[in-house]
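K.L.:
Chain residues, written in single-letter form:
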Amino acid sequence: MLKRLRELFHRNDVDREIRDELQFHIDEQTAANVASGMSPDQARAAAIRDFGSVAAAEEQCHDAHGYPFLATVADDVRFGLRLARKSKPFAATIIATLAVAIAANTAMFSIVYGVLLKPIDLRDSDRVYALFETSEGERNAVSPANFLDWRAQSRSFSAMAAYSIDSLNLGGAASKRILATSATEDFIAATGVGPGTGRGFAPADFVAGAPPVALIAEHVAEQQFGRTDAALGKTLLIDGVSTTVIGVMPHGYAFPRQTEVWMPLTFGPNAAKQRGAHYLRVVARLAPNASAGAASRELSAIAAQLAKLYPRWNEGAGAAMMQLQTLMVESSRKGLLLLLASVVLLAVIACVNVGNLLLGRAGARVHEASLRTALGATRGRLIRQYLTEASVFSLLGGAAGALLAWAALRLIVRFGPRNIPRLDLVTLDVRSLAFTAAMTIAATIVFGIAPALRLSRGLSAGTRVIGRRGAARARTILACSELALAVTLATGAALLVRSFASVAAVDPGFDSRNVIAFDVALPAATYPDTQHINQYYDRMLQRLATIPGVRETGAVAPFPLNGDGYSSSLTINAGEELKDSADVRLADAGYFRALHIPVIRGSAFDGREDLSTERVLLVSREAARRFWPNGADPIGSTVRLGARLGYEKIEGRVIGVVGDVRDAGRESDIAPIIYVPFRQSGVPIISFFVRSAVAPPAIVETIRGEAASVDRAVAIADPKPVEALLADSVSRRRFQTILLGAFAATALLLACIGVYGVLAESVMQRYREIGIRLALGAQPWTVFARLMTSASAIIAVAVTLGLIGAVAFRRAIASLLFGVTATDPATLAAVAASVAVVSVVAAAVPALRAMRVDPVAVLRQE
Amino acid sequence: MPTTELLQGTLDLLILKTLALEPMHGWGIAQRIQQVSRDVLRLQQGSLYPALHRLERKGWIKAEWDISENNRKAKYYELTRAGRKQLETETESWKRFATAVRLVLEA
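Going line by line, the protein sequences match chains A and B.
Each residue of the first sequence is one higher than the one before, counting from 1 in the numbering used here.
Each residue of the second sequence is one higher than the one before, counting from 1 in the numbering used here.
There may be inaccurate statements among the hints.
To be verified - From the derived model, a few chain A residues whose C-beta atoms are all more than 10 Å from chain B:
1) Arg422
2) Leu423
3) Leu541
4) Ala707
Said to hold, decoys possible - Here chain B is said to cover these stretches of chain A; the calculated rule only asks that three of the stretch's residues, wherever they fall, bring their Cβ under 8 Å from a Cβ of chain B:
5) 16-23
6) 27-34
7) 305-313
These are calculated hints, taken from the structure and not from any lab test.
Even for Gly, the Cβ is constructed at its ideal location relative to N, Cα and C.
For reference, chain A alone in the conformation it holds in the complex:
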């Protein structure tokens, strides 16, 4: 064993010994031949002939020593590195190709896993379902009475809980806004996660008049009390109510959304009759013996029964369930899967490209390989050598790719859109790394073996020329297919870019520049009626108006641009209740001025609306069009809203029509909106808008100070520029567009390298032919034209195939488009044209070189 180890490290000694031994043999034989009468030269030649290949014998002696694999692998690795150093551009291209493909794949798989696939923080999360009401295929929040009936009648769930999420004020002085979830008894049983310290909710906590209790998130415990265990039994002021902390949730737990405080949800005595108020979310855990299908059927049956019993509220209403995890990531799913598919396509292109490059070089290495074979290298040995070389590239590419993936992920997590859930938690996980490794190995085998097989087979069969022709055809096919795939990807990217441009060009209907918005939620304990709310509102507006640089102030509820909205059924002029519902905004005169929303007809709010003045309303142009058909004039009509939004019932006379706005983001539809004067609504939530002459960030701190002077217990959420909020509404689209654009650009670059490589090799192979043609008087430009014609044929076929691919995959992307169809002729034409131009340029480089072939030099070589 020791000897063998020594042999490993002293390979040169062993080599020398073997050579000495063989040399001795040949010398002896030569001497014997001389002794039998040959001349010395004859004798040596005969000795060598009798011996056979010295190199082969040497090689086999090595192998006999039993350490050949490791040692030759080390040799091959050294050889591979030496080759890589010798032809830097070639090696760099291959390694970069691999690195980019591997990085893009690892990063995308990490994201898809982290966002879509990784189990959410709940115990056995695959058995946790979200339940909703449905009407006309749309999912709806659940009303208390329906929830109570579902819970009482279903048998398929081991626990079912309702909850609602609210933004509340935590603490007295210097209060802050927190997200609080109020949930019914079974919430912990349904989610499967209870407090890490302290106790969960007990039945007594849900009795009317029970002392208020709460579970808090770990970071809240640390901020408020310093330590987790110090929080138990202490009290917190939540929306002005003194609440006892009974437990602290486990580290990082924040379900639902980013909840920081969990409290018992109790229904009033009328809950069993509340079927029309849909505001609850429902989470349920499948019973151990129940299947999802059976549970879903049971739920539908119960809903059908309720629809029959209570047609007034439940007519046409059904019920549906969906795995909670699926629901949470639903909105990001399509976009991410499209990106994943693109990145896989990119990987295919990369592998094809690398294979193409290696195949091209294998052609150039025929000479070297034949030399090695002549010196006694066996076919297996050659294959192994090429495989090892390919592995060197793969390993370098894989390592660079892993590094790049890590960096890319950090960038994406840092700067990616906030509205992709869980994106901030994505890490380069082990699986993704394993995936990288698998891809690297696969790439090695794919492009490592192919050229090696071709080389060694071509040689042993003595069909070098035929082999090269076949390879040239293979390379043409590879280049053509990678270009086609790139065209497909580029089409997708171009469509997304077009969509992004359309979205950016959408007029939101208001002017967001230099406007800051922030909202407050007034606690019911200190703001029990409209009077109190209006007092707060008046004082806030007064204070905001005193801030230097402020031009306009206004208020609206709910907060626009974050997807929340009030909607209501409505009745016009005491007629029938309309089928359609309208969006409702509680706004003041300043809101329209601050956001430059125009009054089209009639008059605006005058700012004096109050409980003591006439109840008035404004309608948006879309609302006028939809609810007053055939050009009827809404002004003067009386409108009554079915929904109760605040303390006040809403019914008023329409006094004007205002411009349409997309206040849920640029991509939202134009909704019909009814505006109610804020002071006539009694809603305890207010979003203030401040238009200033100076850049928004400068006055944020002043705003905080003024708000604190009105009521310290009311925390204001971060004041944000409305322009930034509007930008956020397209951040996911921007993310998708940038990523797909980058993938497509990379793919195109790779494909161009492929086209260039094929043509460059073809020029090299036809070097002689071209030289002779030129010598016989052919014009250089005809040589150029001939080459370009064959390249153009490849490009034309590739572009056509790519466009066919794009059309075939149109369904995959259709739902992500905006203002452009998946088969938009202009986009397809533009992609085809630009890809054609770029790849023709790539082909022109070697073709131009062909024009400069020197016929004299060629003829001299003959």
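Since chain A is already given, all that's left is putting chain B on it; use the hints.
P.N.:
Quick look at chain B alone, frame taken from chain A:
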């Protein structure tokens, strides 16, 4: 005189048998096999050395550098105890094989 290529696997046996007489270098072994077989067995000399190295690896022979008859450094091989045993087993099985073939041919 017609010559015969070595049967697969018989080279090891011939080497062991040859070395059973005395330690010898590679060229000597080749010469001996040819002489003793009256030049019938034609050895591809290059293939002898990998076989020697293989047998050395298996521990049936061991090698030492020594001075040859004409004063040159040469690598001498000799049989080990394991090699002697291996020779016996292989001789036995070869004889059985040869007998069997003869029986078949003469039947």
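K.L.:
A separate judgement is required for each hint: does it hold in the structure or not?
P.N.:
Hint check results:
1. Arg422: Nearest chain B Cβ is 58 Å from arginine 422 of chain A, so the label holds.
2. Leu423: Holds: least Cβ distance 59 Å, greater than 10 Å.
3. Leu541: holds, 95 Å
4. Ala707: Non-interface label on alanine 707 of chain A holds, nearest chain B Cβ at 87 Å vs cutoff 10 Å.
5. 16-23: holds (count 5)
6. 27-34: holds (count 5)
7. 305-313: violated (count 0)
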